[in-house]
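Enquirer: The lines below spell out each chain.
Protein chains: 2
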Amino acid sequence: MTRPLPEDLWPDVRPDAARRLMAAAVESFASRGYHATTTRDIATAAGMSPAALYVHFPAKSAVLFAISRSGHARTLAMVENTIAEHADPVDAMRTLVERFVAWHAQRHVVARVVQHELDALPAQEYQVVVDLRRRTESLVREVITRGAESGAFTVPDVRTAARAVLSLGIDVARWYSPASKPSPTVLGKQYAELVLRMLGYTS
Amino acid sequence: MTRPLPEDLWPDVRPDAARRLMAAAVESFASRGYHATTTRDIATAAGMSPAALYVHFPAKSAVLFAISRSGHARTLAMVENTIAEHADPVDAMRTLVERFVAWHAQRHVVARVVQHELDALPAQEYQVVVDLRRRTESLVREVITRGAESGAFTVPDVRTAARAVLSLGIDVARWYSPASKPSPTVLGKQYAELVLRMLGYTS
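Sequences listed follow chains A and B, in order.
Take any residue in the first sequence, note its place counting from 1, add 523, and you have its number in the numbering used here.
Take any residue in the second sequence, note its place counting from 1, add 523, and you have its number in the numbering used here.
It cannot be assumed that every hint is accurate.
[Unchecked claim] Per the computed footprint, the stretches of chain A lying under chain B, defined by three or more beta-carbons under 8 Å from a beta-carbon of chain B, are: (1) 549 to 557; (2) 580 to 590; (3) 598 to 611; (4) 673 to 686.
[What the hints assert, rightly or not] In silico negatives: residues of chain A with every beta carbon more than 12 Å from chain B: (5) A541; (6) D642; (7) S661.
Please keep in mind that the hints were generated in silico from the structure rather than gathered at the bench.
We put the beta carbon where it would ideally sit given N, CA and C, even for glycine.
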């Protein structure tokens, strides 16, 4: 492992061996790209035999899918929870951006792999991920629409605004490095303020 | 060629064969990744022999560098020209975002390759590109600072604001597709309005 991976990645994945393989795959995909990585590379990096990998994943693409689905499902769950916690659209949007941005900063290595290798997913798996993304984007649009209806937000185009909100957060994974000055939490708060202004909110 | 490439890519590159090789490399890198692409793949896609490739580029990394340097140098020149054309920081920022966003939408295939494969550049070439990015980011910070001094902008943190402005534009290359509804020009105008609000500008 050349880069640190947060310990709380995939707490839902069992057994440990499957999680170790996913972590090893993230490292390999991040350093040499998905296409140039073999299942043997992943197994070796996880300290296992290629045969042991196939016990958990039928193919290299299944490891990529597990990583990608987990990331997208947890993002969607975070957005759903945030909306459930905050009835006020301004509070919901602020907390959503704080969490979304901090998440992409903390998990930038995984998030980068997930973004870069999306096109490498087989068609059916790709659709599952696209569906999770659509649901997330649709929830963000709903918060913006509610805010516009309540008069808190003024947006010329809800779709473009929702895209910009998510885009700002996702792109954090591209440029963020552990050496970056603002911590994930501070960056999340700064971005939440920028997003609220972008949506025409004046405190 | 499976994806369309704008005809005006690399108008500065001579001879034609070098430009054809760069276009073929973009296609190959975009579809299978830099690491899994060979110089033979690139030459074949350009309808040339591997030996003919070496006449123009000493290595695969030299093709990637030519693509990446050209994209970054033209972006920097665009930002410099925009600032030279507009003394008012609000006008400068609006035009800058319009052009930056439209550029990343129009040239999303190339821009995506350039972003994804940045880490694949050899150390010295990487530094050249990082230097071009730093100069671009520094110019954006200067416009924001001038706007803050004139009272047109209010930003809590100039560095984070500049990063957000560029991040929004760069990430367009990730999600934009020719099927996307807003045209590059319209998207540029929408994003320019969002950015001006983000910087605390009220018209």
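Enquirer: Now tell me if each hint is right for this structure.
Expert: Here is what the structure says about each hint:
1. 549 to 557: holds (count 3)
2. 580 to 590: violated (count 0)
3. 598 to 611: violated (count 0)
4. 673 to 686: Check passed, 6 qualifying residues.
5. A541: holds (25 Å)
6. D642: The claim is violated: D642(A) sits with its nearest Cβ about 8 Å from chain B, within 12 Å.
7. S661: holds (15 Å)
Hint violations for this structure: numbers 2, 3 and 6, all remaining hints satisfied.
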